[in-house]
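Asker: Given chain V, work out where chain A should sit, using these hints.
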Amino acid sequence: MKRVFKTYKYVLLSVSSLILFIILWEIFLNIFHVSRIVLIKPSEILATCIRDFDILSKEMLYTVSEIIPGWFIGSLMGILCAVIMYRNEKLSKGFVTTSVLINAIPLIALTAIIGGIMGTNRDQKILLVSLIVFFPVFITTLSQLTSIDQGHKDLLLSYSAKPKDILFKVLLPKSLPALTNIVKVSCITAIFTAVTSEFFGGYGGIGIFILSKKGLYNLELVWAGIFFIAVFGTIFYFTVEFLQKKLVPWQES
Amino acid sequence: MENSKAIHIDSLSALFDGNGKHLKVLENINFTVSSGSFVSIIGPSGCGKSTLFRLISGLPTKDTCKAEGKIRVNGKKPETASKDREIGLVLQKPTLLEWRTVSGNMQLPLEIMGYSKGSIEKKVSDLLKLLDLQGYEKYRPSELSGGMQQKVSIGRALAYNPDLLLMDEPFAALDEINRRKMNNEIINIWKKTKKTILFVTHSIEEAVYLSQKVIILRNKPSTIHKIVNIDLEYPRSKVQNSSKYFKYIKEIREYLNEASI
Numbered sequence: 566m567k568r569v570f571k572t573y574k575y576v577l578l579s580v581s582s583l584i585l586f587i588i589l590w591e592i593f594l595n596i597f598h599v600s601r602i603v604l605i606k607p608s609e610i611l612a613t614c615i616r617d618f619d620i621l622s623k624e625m626l627y628t629v630s631e632i633i634p635g636w637f638i639g640s641l642m643g644i645l646c647a648v649i650m651y652r653n654e655k656l657s658k659g660f661v662t663t664s665v666l667i668n669a670i671p672l673i674a675l676t677a678i679i680g681g682i683m684g685t686n687r688d689q690k691i692l693l694v695s696l697i698v699f700f701p702v703f704i705t706t707l708s709q710l711t712s713i714d715q716g717h718k719d720l721l722l723s724y725s726a727k728p729k730d731i732l733f734k735v736l737l738p739k740s741l742p743a744l745t746n747i748v749k750v751s752c753i754t755a756i757f758t759a760v761t762s763e764f765f766g767g768y769g770g771i772g773i774f775i776l777s778k779k780g781l782y783n784l785e786l787v788w789a790g791i792f793f794i795a796v797f798g799t800i801f802y803f804t805v806e807f808l809q810k811k812l813v814p815w816q817e818s
Numbered sequence: 046m047e048n049s050k051a052i053h054i055d056s057l058s059a060l061f062d063g064n065g066k067h068l069k070v071l072e073n074i075n076f077t078v079s080s081g082s083f084v085s086i087i088g089p090s091g092c093g094k095s096t097l098f099r100l101i102s103g104l105p106t107k108d109t110c111k112a113e114g115k116i117r118v119n120g121k122k123p124e125t126a127s128k129d130r131e132i133g134l135v136l137q138k139p140t141l142l143e144w145r146t147v148s149g150n151m152q153l154p155l156e157i158m159g160y161s162k163g164s165i166e167k168k169v170s171d172l173l174k175l176l177d178l179q180g181y182e183k184y185r186p187s188e189l190s191g192g193m194q195q196k197v198s199i200g201r202a203l204a205y206n207p208d209l210l211l212m213d214e215p216f217a218a219l220d221e222i223n224r225r226k227m228n229n230e231i232i233n234i235w236k237k238t239k240k241t242i243l244f245v246t247h248s249i250e251e252a253v254y255l256s257q258k259v260i261i262l263r264n265k266p267s268t269i270h271k272i273v274n275i276d277l278e279y280p281r282s283k284v285q286n287s288s289k290y291f292k293y294i295k296e297i298r299e300y301l302n303e304a305s306i
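Chains V and A, in that order, give the protein sequences.
Just so we're aligned, residue 566 is where the first sequence starts under the working numbering, counting upward by one.
Just so we're aligned, residue 46 is where the second sequence starts under the working numbering, counting upward by one.
Keep in mind that the hints were calculated from the coordinates and are not lab data.
There's no promise every hint is true.
In silico lysine to aspartate or glutamate, DMTMM-like type, Cα no more than 25 Å apart, as pairs [to be verified]:
1. LYS121(A) x ASP208(A)
2. LYS718(V) x ASP55(A)
3. LYS727(V) x GLU131(A)
4. LYS739(V) x GLU143(A)
5. LYS810(V) x ASP208(A)
6. LYS69(A) x ASP619(V)
Derived, one-sided and incomplete: chain A residues facing chain V with beta-carbon distance under 7 Å [what the hints assert, rightly or not]:
7. LEU104
8. THR125
9. LYS128
10. GLU131
11. LYS138
12. THR140
13. TRP144
14. LEU155
15. ARG185
16. LEU189
17. GLY192
18. MET193
We put the CB at the ideal spot given by N, CA and C, even for glycine.
Bound-form chain V, shown alone:
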């Protein structure tokens, strides 16, 4: 009961600070004259969101269909690769070097390279997102799986535990808090990657929508697009956080 109240309070606090921010923004624009190119009123943005909900949500869903599969595949591959490689130091070190190399390439260049190979379709975006998400998840999982408390190590040795038991009964559960954290943070990276890569071409999506409306000086639609991304990002992040709490209940205390 107490915990429910705490969550409730937390939500209330976040929502009310957001509303306060929007109100201040509205008041500010009513008092001072600011060019529409710089900022427009939240009430106008909200009205646009409602008016053009259909097209906005259609474009957003297109981008979501790049973000979620990319994020999921990237996270899954990161975890799987670490699980496959953690017992082989040479293999994992070599692989770390390769993935550092890929991640050191600026996103724009990477988008261009992969776009050149496979075009700018949805699969390209999914691949890009999963590549970007893969790296931090892989590195985090690998470092979690290769570090173990000496006491646990000794006990497991004295039980003559098999590698399979060590992995599933100790290493993976031990890694869960850090692992779910990095997967959660990767939600935001995934959104950023998908939208940015759309700026450089594609067949649909909120990034392309924003870019084309900007060209037409249809600024309230640009802002409405940004608003949609922000709302989706928030929902995505907190959904994953909710799942994390279900998966790692012992971390709360």
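Answerer: Below, chain A alone, put in the same frame as chain V:
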């Protein structure tokens, strides 16, 4: 016959050799621990207690450590005895798995050793009864005190019913009151289960309070300085104010002073 002995150690020496170091950590150690007895090892820091503990447990020592001599646990090499589930370890830190409950932690070795689900449940419920932990089954380690955590780790070591319990300063992190409480508990467990216990400690009082025999190690050379038999009845809470009890403490303290030079 060495087989009647739970632990038999014959002219054991160990040295660290490598990385430019050449350091003797143990020299000519000889002692036996008979089945069902409670023996403590005490010594100044750096006398090789940890190395000795690891060697008897069958745990790997550092790569540069070379051991010579004979160690037998129930007549077998420590590694074999460990594989045959004859050694239970209790370490200085409770090292419980924080995501598992009290019961979950106790059943960890049983799961790994492939016991059936039914027998795991039976064993865990027996252990909870033995350790007086009923009602705490569903608690997580973070919700327990240090003493309780260590009790769970003793339960975990007893789960697969080893003949020998090796304990490495298990109560060192506890305060005086809880330490004494746990001392009484471990004596009760020992009386009920009739296990052989080898107990490494820093505390003279703890050694006298618990054991039938105290082995005093020394520095330079790292070997056995003295072995003192404690001829006092159990429970020791009844004799802890007797002059005989204090005489033992004084005697061991003097030996330790000599040993630390």
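Asker: A separate judgement is required for each hint: does it hold in the structure or not?
Answerer: Here is what the structure says about each hint:
1. LYS121(A) x ASP208(A): holds (13 Å)
2. LYS718(V) x ASP55(A): Distance ~28 Å between LYS718(V) and ASP55(A) Cα, so the pair is violated.
3. LYS727(V) x GLU131(A): Since the Cα atoms of LYS727(V) and GLU131(A) sit roughly 18 Å apart, the hinted pair holds (cutoff 25 Å).
4. LYS739(V) x GLU143(A): Within the cut-off at roughly 8 Å; holds.
5. LYS810(V) x ASP208(A): Not satisfied, since the Cα-Cα distance of roughly 41 Å exceeds 25 Å.
6. LYS69(A) x ASP619(V): violated (80 Å)
7. LEU104: Holds - the Cβ of LEU104(A) comes within 7 Å of chain V, reaching about 5 Å at its closest.
8. THR125: Since the shortest Cβ distance to chain V is 11 Å, the answer is violated.
9. LYS128: holds (5 Å)
10. GLU131: Interface hint status for GLU131(A): violated (10 Å vs cutoff 7 Å).
11. LYS138: holds (5 Å)
12. THR140: Hint holds; THR140(A) Cβ to chain V Cβ min 4 Å, cut 7 Å.
13. TRP144: Constraint on TRP144(A) satisfied, holds at 5 Å.
14. LEU155: violated (9 Å)
15. ARG185: The hint holds - ARG185(A) has a Cβ within 7 Å of chain V, the shortest such distance being about 6 Å.
16. LEU189: violated (11 Å)
17. GLY192: For GLY192(A), the interface hint is violated, since the closest Cβ of chain V sits about 17 Å away, which is over 7 Å.
18. MET193: Status violated, d = 15 Å.
The structure fails to meet hints 2, 5, 6, 8, 10, 14, 16, 17 and 18 from the earlier list, while all remaining hints are met.
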